Structure formats: structure tokens, C-alpha cells
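Trainee: Sequence:
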Amino acid sequence: MQDVTYETALARSGALEVLAAYDPHIVGTLPLDIAIPGSDIDIACHAPDPLAFASAVWTAFASCERFSIDQWVGGGRPVVASFRILDWDIEIFGAHVPVREQPAWRHFDIERRLLDLVGPGLRSDVMQLRLAGLKTEPAFAAAIGLKGDAYVKLLELQTLSDHELASMTASLRL
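With this note's numbering, the residue at position 119 of the sequence shown is 119, and numbering never jumps.
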């Protein structure tokens, strides 16, 4: 891992302050403590006006190392920007829907809940699967025995209560 924590790199970038008007949320493996070498800092934002969002991101980060920015052609035309600071890659995703409705947040939410409910054995299993090459969502799906499209199946689990999730995963507790 890097010599500088992701929190330090994030603070140095000023990203959360620059993006404050876009309801930024850190998602992904770092806050879940399941990062592996090469993990990046993922920030999900609510960007109802993609052009204004792209302009704000461009103005703030275009001078950063490895800066790039793209806008999708469909799905509300979300904007994805990335850059590097203090040996950390940062990826910013801005979509027209509120962050809590975006798939990245929804995956993050269910993964956090599963880790809290199942216990340290799940974190260990997910880490082993990730280190073996699986992406995060497929690693979670494999660790808890979900069949089918991991991304879809995890989103389906998000609608369950903690009690329902606990019942479903009772045999996994280590």
C-alpha cells in the first residue's frame, strides 16, 4: 500500500470541498477496509447538471497528474473524472440521480451492512477472493453464495432489512 493514507491524499486534493455542492460520498473498498494494492479512491456525486459538474471538476483538477474526464453518451450522461495525487488514484463519478440511488452507493451500502452483520470471517473471505483477482461485487457474491449476476444480486439484497440479511447469512458467521 501507499505511504500516505487515502484520507491524507483526499484531504490534500481538496476534492470533498470542491465537490461539496454535489453531495460527495466516498464509496468502494477503502472505507470498507477491503482495499488491495492498486485500489483507488472513489467519490460518487449528485450532478443534475453534468456540464456544470464537468466544468467544476475540470477547473479544480485538470492540472493534476493523469487527469482525464469523460462523459457517457447515455443514462443521464454521467461524468467520470480521474487523477492522481500522492500516489493515489482518485475517481469521481457524477450522475443526475442522488448518490443514494446510484449503483456504486447501493453496492457500498449492502457490502457495509453485510460486513457488519456477518463478521470478520466475511471480510477475510472477500479479501482472499479479491487478492485472487475477483472484483469487489463478485467477491462478495461468491463469499455469501449468491448465484447469477453479482452486481444485480447485491442490489436486490439492499432492499432486505438487517433482520432478513442476518437470517440469510446466519450460516456464514465465523
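No lab work stands behind these hints, which were simulated from the structure alone.
Where hints are given, some of them may not hold.
[Unchecked claim] Per label pair, the in silico range of CB-to-CB distance:
1. A170 with V73: 39 to 49 Å
2. L160 with T8: 14 to 24 Å
3. V152 with D40: 21 to 31 Å
4. R112 with V80: 17 to 27 Å
5. Q158 with A21: 24 to 34 Å
6. P37 with D116: 19 to 29 Å
7. S55 with A170: 42 to 52 Å
8. A170 with A21: 23 to 33 Å
9. G145 with S55: 41 to 51 Å
10. A11 with R66: 15 to 25 Å
Quick caveat: nothing in here was measured; it's all calculated off a predicted structure.
Note that CB positions come from ideal geometry on N, CA and C, so glycine has one too.
Trainee: For every hint, state whether the structure bears it out.
Mentor: We went through each hint and held it up to the structure:
1. A hinted range of 39 to 49 Å holds for the C-beta pair A170 and V73, which are about 44 Å apart.
2. Our hint of 14 to 24 Å for L160 and T8 is violated, since their Cβ atoms are close to 36 Å apart.
3. The beta-carbon spacing between V152 and D40, approximately 23 Å, falls within the hinted interval of 21 to 31 Å.
4. At roughly 23 Å, the beta-carbon separation of R112 and V80 lies within the given 17 to 27 Å, and the hint holds.
5. One distance hint, 24 to 34 Å for the beta-carbon pair Q158 and A21, holds here, with the actual separation near 27 Å.
6. At about 25 Å, the CB distance of P37 to D116 agrees with the hint of 19 to 29 Å.
7. A hinted range of 42 to 52 Å for the beta carbons of S55 and A170 is consistent with their spacing of about 50 Å.
8. For the pair A170 and A21, the supplied restraint of 23 to 33 Å is violated, since their beta-carbon distance comes to about 43 Å.
9. Taking the beta carbon of each, G145 and S55 are about 45 Å apart, inside 41 to 51 Å as hinted.
10. Taking the beta carbon of each, A11 and R66 are about 19 Å apart, inside 15 to 25 Å as hinted.
Checked against the numbered hints given earlier, this structure breaks hints 2, 8; the rest are met.
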